[in-house]
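Once you have looked at the hints, place chain B on chain A.
If you want the building blocks of each chain, they are given just below.
There are 2 protein chains.
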Amino acid sequence: MARDPFVVVGGDAAGLSAASKFRREADRDVVVFERGRWISYAHCGEPYFVEGTVERLTDLLSLSPADVADRGIDLRRGHEVVSVSPEQRTVTVEADGDRFDQPYAELLVATGASATTGALDTALDGVFTIHGLDSAAATDAYLTSPAEYDWSRLGDGPVDEARVERNAALDPPERAAVVGGGYVGVEMTEALVARGVDVHLFQRPEHLLPPFGEAIGERVADHLAERGVTVHTGASVTKLVGDDRIEAVAYDGERLPVGMAVIGIGVTPNTAPLDGTGVDRGPGTAVRTDAYGRTSLPAVYAAGDVATARHAVTGAETWVPLGLTANRAGRAVGATVAGDPTPVGEVAGTAVVKAFDLECGRVGLTDEGTAAAAGFDPASETITAGSRSGYYPGGDETTVTLLADRTTGRVLGGAIAGRDRAAIRIDTLATAIESDLTVAELERLDLAYAPPFSPVWDPVLVAAKVLNGRLDD
Amino acid sequence: MARDPFVVVGGDAAGLSAASKFRREADRDVVVFERGRWISYAHCGEPYFVEGTVERLTDLLSLSPADVADRGIDLRRGHEVVSVSPEQRTVTVEADGDRFDQPYAELLVATGASATTGALDTALDGVFTIHGLDSAAATDAYLTSPAEYDWSRLGDGPVDEARVERNAALDPPERAAVVGGGYVGVEMTEALVARGVDVHLFQRPEHLLPPFGEAIGERVADHLAERGVTVHTGASVTKLVGDDRIEAVAYDGERLPVGMAVIGIGVTPNTAPLDGTGVDRGPGTAVRTDAYGRTSLPAVYAAGDVATARHAVTGAETWVPLGLTANRAGRAVGATVAGDPTPVGEVAGTAVVKAFDLECGRVGLTDEGTAAAAGFDPASETITAGSRSGYYPGGDETTVTLLADRTTGRVLGGAIAGRDRAAIRIDTLATAIESDLTVAELERLDLAYAPPFSPVWDPVLVAAKVLNGRLDD
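Listed in order, the protein sequences are those of chains A and B.
Number 300 in the UniProt record's numbering belongs to position 300 of the first sequence; there are no gaps in the numbering.
Number 111 in the UniProt record's numbering belongs to position 111 of the second sequence; there are no gaps in the numbering.
Just so you know, not all the hints are guaranteed correct.
[Said to hold, decoys possible] For each label pair, taking beta carbons as the anchor points, the in silico distance ranges come out as:
#1 Tyr292/B with Asp377/A: 24 to 34 Å
#2 Glu397/A with Ala225/B: 50 to 60 Å
#3 Ala372/A with Tyr292/B: 29 to 39 Å
[Claimed, not checked] In silico lysine-lysine, DSBU-like type, Cα no more than 30 Å apart, as pairs:
#4 Lys354/A with Lys354/B
#5 Lys465/B with Lys354/B
#6 Lys354/B with Lys239/B
#7 Lys354/A with Lys239/A
#8 Lys354/A with Lys465/A
#9 Lys465/A with Lys354/B
#10 Lys465/B with Lys354/A
Simulated from the structure, these hints should not be mistaken for laboratory data.
Predicted model only: the values in this text are computed from it and were never measured.
No residue lacks a Cβ here, since even glycine has one placed at the ideal position from N, Cα and C.
For reference, chain A alone in the conformation it holds in the complex (with noise of 0.2 Å):
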């Protein structure tokens, strides 16, 4: 009798970065259930889409189900895993109305995660989560005006033309309110900016992307009030107002006038179709999983945005919803599945964010109060230092903020913001974290040189060796 087949939830990155794994090393059958109709899209791309930068909807794509199909994976995209049953080794799958038994011989969840709205009320037209194709398909129609909306930047996919089309027909928004200052809200600031919106932007918190640390979140917000945005933080929407359409956003005892509202204020993991299963569960209510990405559950396990996964620097359970996290935890799983464990690999908290042009990165620990309840005893440092040679052009200011442990020197965290290739110098830091270097170790590391590029001290260094002489006193 054949073998059950290996099944997989979700037709995502961490979904069919599995099943593809699995399928090129094991002569096994894999059947995908996807509830909905698209698969494989860049999440991190629908605000660059909105933007315009992105020119169709379907070159966020990266699979089409035929590519899917020619690796050998059996695709059932509008099928829904709506519960599971490890006893059984079943999951119960609804479609068209139907309802079926899979059985399965490991089952991995890979079901993403969904934007959160709080208590603000989302029905009203003119109110935008962006998290998922359609959603960016009705954001960019709501900003086309009636006349000139272009049904062909949608290119060849199953878009929900009713959604594009109710919001195509209301006239664009002269003001927005975006709410919530993480990377969404910032990215989507940049986008609405581009199409010619006056933005609000509303933080709870006293700082603009926290994980980035207040000197990184002060100069994200001077550069969007150079573009004309107002930032509004330590401010809470309280309430969306309006009748069928938005008309205002309340916050703080004020009322201000919008047009359109984009709620950016957070994730929560798809985990519906494991409830009743007494799964364990993790930060953020997200799926416990191992190091090899399995659940508490026999044969069982999750993987991308839905699941945690082990912090590099403080080897504590974290939940990281990062795009390069879900694809390398499936690829991993599926190798696993195959016959190959292969460790999920652990999370620095890695991630980069543009706004405008402004580049900021980020990894590691970069708050000391964190840093201290993990157990650390930590210092940090933040400077400024040029890009380049201050004789050649082009150059800007760097900020780096640098945190490590005194008693150990170990580098805990960093966060880097300016205008010149600022963004991808965090992977030194990244590597520096996973390889446990202490800051000593940072400051005398053999970094590139060249005047178009990097100063004689990179911005990096130059951080390390402050730190460093603080940490020597």
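The following block gives chain B in isolation, referenced to the frame of chain A:
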């Protein structure tokens, strides 16, 4: 009786870094003898002055003599140290036709390196090496038509005015030969093209930039050709032909009429002051130094382009005359002499170079033959991968060569080329190599991903994945 001073020979990167650090840390005298008129200038910026990217010659100065005096350093320009007596602990100094002996408690030889020209006759007008501000000024003057020469470009420094005047009086060339396809040759090629000159680049080896490996050498050659440069590889220039002024270069039995030649075939350490002392030498006849910059002579240190260093990958003595090494080693020696023993640090051979729009970086061992000779069992792969998400505009195919040891999996070296933030990515590899990471560890690094800066799998990770797959076989 007061202790004799710390004496430094050479007023450039290593020497002044040492003197500055020493004065900050110790309450003792330091004397710096510099044979020339210039101090503390950016060698690496000279091609960009010639190109016109750097406006004034004096923009290349880091410190003025007044800055140095403010640091409490006794700087004597126009003072040449002609010999060292390790027994007496004195140096013999020539200045203004006089000669005197200067006792030292500790001595640092930081005399740098000079351009070599092999058997080529460099006395002809129109023949230049790019090593020092006077040669940069003369080269620029030669490229400018007499009627248009602008003395203000020189700024307010001790330039050799007679030499500039002679070169400014000559009509600029239409065609130039650049002899040598290393860093200086490639950078000067870019500079001369920017000045409207028809450039023929001659390289004796089969590829440009040999330390970057064949794949990148070929990519650079293609890029130069696209910009109208005639690249001659495997071609030996044997003679510079002319009476007073260069008229042609002879190579491989052929003869090319040119009005200019720039020689960039290498440098040699300026060890003359130590002649007759019996000091130990290392590769390239550079002065052998230990982990603290000490030579084989008591109380005599060497740092910068004149000294050897320890290689981070092979652990062997090496000679890599580059700017960061000089600054760092000088600073470390200054601290050590001041009483705080500080290692000069290893060198990984990290280097970056720009060729028009193409950015190139290299680190460690990039050649299988060199790696095998150092006792490794090398394997290497070269890949190309996009620098950004495919749908985000502005990216470029990035070439990555990665070399590792089959036995241990350790990353030994790599090189990168591309037009979009390629050079600075070499710092990721430099950090990995100095941290002794394996290819498998490199592949699992949590590097940055965001569409404007990197695809999900950064080109560095793609290279690691492919090479690791081969090591697994």
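Consistency of the hints with the structure:
no.: 1; hint: Tyr292/B with Asp377/A: 24 to 34 Å; in the structure: holds (30 Å)
no.: 2; hint: Glu397/A with Ala225/B: 50 to 60 Å; in the structure: violated (37 Å)
no.: 3; hint: Ala372/A with Tyr292/B: 29 to 39 Å; in the structure: holds (36 Å)
no.: 4; hint: Lys354/A with Lys354/B; in the structure: holds (25 Å)
no.: 5; hint: Lys465/B with Lys354/B; in the structure: holds (27 Å)
no.: 6; hint: Lys354/B with Lys239/B; in the structure: holds (28 Å)
no.: 7; hint: Lys354/A with Lys239/A; in the structure: holds (28 Å)
no.: 8; hint: Lys354/A with Lys465/A; in the structure: holds (27 Å)
no.: 9; hint: Lys465/A with Lys354/B; in the structure: holds (27 Å)
no.: 10; hint: Lys465/B with Lys354/A; in the structure: holds (27 Å)
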